[in-house]
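Chains W and L supply the protein sequences, listed in that same order. The numbers in full-length UniProt numbering rise by one with no breaks, and the one at position 56 of the first sequence is 56. The numbers in full-length UniProt numbering rise by one with no breaks, and the one at position 153 of the second sequence is 153.
To be clear, the hints were calculated from the coordinates, so they are not data collected in a lab. Fair warning: this is a prediction, and the values are worked out from it, not measured in the lab. Careful, some of the hints might be misleading.
Chain copies aren't distinguished; within one or between two, either way the pair holds.
Taking lysine-lysine pairs in the PhoX-like style, the calculated list, with each CA pair at most 25 Å apart, reads [to be verified]: (1) 7 / 18; (2) 78 / 41; (3) 131 / 56; (4) 33 / 18; (5) 81 / 18; (6) 13 / 36; (7) 11 / 41; (8) 41 / 13; (9) 78 / 36; (10) 78 / 33; (11) 81 / 36; (12) 78 / 7; (13) 78 / 13; (14) 33 / 13; (15) 41 / 160; (16) 41 / 18; (17) 81 / 53; (18) 81 / 131.
Here is what each chain is made of, one letter per residue.
Protein chains: 2
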Amino acid sequence: MDHLVEKTIRKEKIFSGKVVQLYVEDVQLPNGKTSKREVIKHPGAVAVIPITKDGKLVLVRQYRKALERVLVEIPAGKLEKGEEPFASAQRELEEETGYRAQSMRHIVSFYTSPGFADELIHLYVAEGLEKLEDAASLDEDEFVDVLEVTLEEALKMLEKQEIYDAKTAYALQYLQLRRVTGEKHA
Amino acid sequence: MDHLVEKTIRKEKIFSGKVVQLYVEDVQLPNGKTSKREVIKHPGAVAVIPITKDGKLVLVRQYRKALERVLVEIPAGKLEKGEEPFASAQRELEEETGYRAQSMRHIVSFYTSPGFADELIHLYVAEGLEKLEDAASLDEDEFVDVLEVTLEEALKMLEKQEIYDAKTAYALQYLQLRRVTGEKHA
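So that you can see chain W by itself, here it is in the shape it has in the complex (with noise of 0.2 Å):
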């Protein structure tokens, strides 16, 4: 699939923060031609499909600065550095929702916005959780509101555009299709 690349010429990095690096490059593209790329690097992250048990999903309710509005989505959050992917869902579990899975899986992993960023994001179901006693471990600077849904009500929250990104959807679907193949839950 050689020719399908891009060679970089110039790679110029203008922007390192803590979260993203922004970097802009000047490649060759396959017919010779030369073009620019901007490249968003990101640390990956993880996500969550927590399901209690009595069958409800959980979600967290928050702001999103990029988006200058309240989402709902599942759990999740950036990998710290060095941290394992399942090690972080199981901590941002516990972070947002003060949840702890007595069995948790992963199920698929994706970039979410290859077209400029490299952002990786890990799926996992969790499942039997428990509710942890000491609210300590919930993130101090992390503002969320948890909720524990029916499949039906997130769908409706998926119509009306409260629930509006591209895990969190995929996850619905997941929940969706498990349930029309037979598996319990949600």
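Given chain W's structure and the hints, the job is docking chain L onto it.
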């Protein structure tokens, strides 16, 4: 939901490129503390799930500079300035695959990375595909291989991480769900 809002204190434009703009914002958190947010502004995008008359899925293989690798994805592209998403989806389908759709309908829209970017992607399903006679409509600076695969073949590509992005993973689940609920195609 005002108790979740982060107020902007200061906003600095760091970069304005062909595709993205980057801002760093000082915000006041709901607890009165301040923090910084890195925000990427993006024009938005469209993606199409194109299904051939014999029920195959049309995919494109292309190089993604942000990932430094080739991915297989459903056809997609950025919104041009002032362009309606529906027209954009028709254009991208034609430019990338050489197919025109007899019917195309919107199925969902979602933000791809609400944690740091405002990219909103509008997803369509296209059916009744007709091959265009003139390849002239293909974008000369776009280098893609066009593939036609069954859903099973696409799911294997997802397993092998040749398909590795959110919108295409969503598309495959959409087709799986459609199949098990008795709808035809793919």
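Hint check:
{"no.": "1", "hint": "7 / 18", "verdict": "between (28 Å within a copy, 19 Å between copies)"}
{"no.": "2", "hint": "78 / 41", "verdict": "both (13 Å within a copy, 19 Å between copies)"}
{"no.": "3", "hint": "131 / 56", "verdict": "within (14 Å within a copy, 46 Å between copies)"}
{"no.": "4", "hint": "33 / 18", "verdict": "between (35 Å within a copy, 17 Å between copies)"}
{"no.": "5", "hint": "81 / 18", "verdict": "within (11 Å within a copy, 31 Å between copies)"}
{"no.": "6", "hint": "13 / 36", "verdict": "both (13 Å within a copy, 20 Å between copies)"}
{"no.": "7", "hint": "11 / 41", "verdict": "both (13 Å within a copy, 21 Å between copies)"}
{"no.": "8", "hint": "41 / 13", "verdict": "both (11 Å within a copy, 18 Å between copies)"}
{"no.": "9", "hint": "78 / 36", "verdict": "between (28 Å within a copy, 15 Å between copies)"}
{"no.": "10", "hint": "78 / 33", "verdict": "between (37 Å within a copy, 21 Å between copies)"}
{"no.": "11", "hint": "81 / 36", "verdict": "between (30 Å within a copy, 19 Å between copies)"}
{"no.": "12", "hint": "78 / 7", "verdict": "between (30 Å within a copy, 22 Å between copies)"}
{"no.": "13", "hint": "78 / 13", "verdict": "both (22 Å within a copy, 23 Å between copies)"}
{"no.": "14", "hint": "33 / 13", "verdict": "within (22 Å within a copy, 30 Å between copies)"}
{"no.": "15", "hint": "41 / 160", "verdict": "between (32 Å within a copy, 23 Å between copies)"}
{"no.": "16", "hint": "41 / 18", "verdict": "both (11 Å within a copy, 17 Å between copies)"}
{"no.": "17", "hint": "81 / 53", "verdict": "neither (32 Å within a copy, 48 Å between copies)"}
{"no.": "18", "hint": "81 / 131", "verdict": "neither (27 Å within a copy, 48 Å between copies)"}
In this structure, the hints that do not hold are numbers 17, 18, in rising order.
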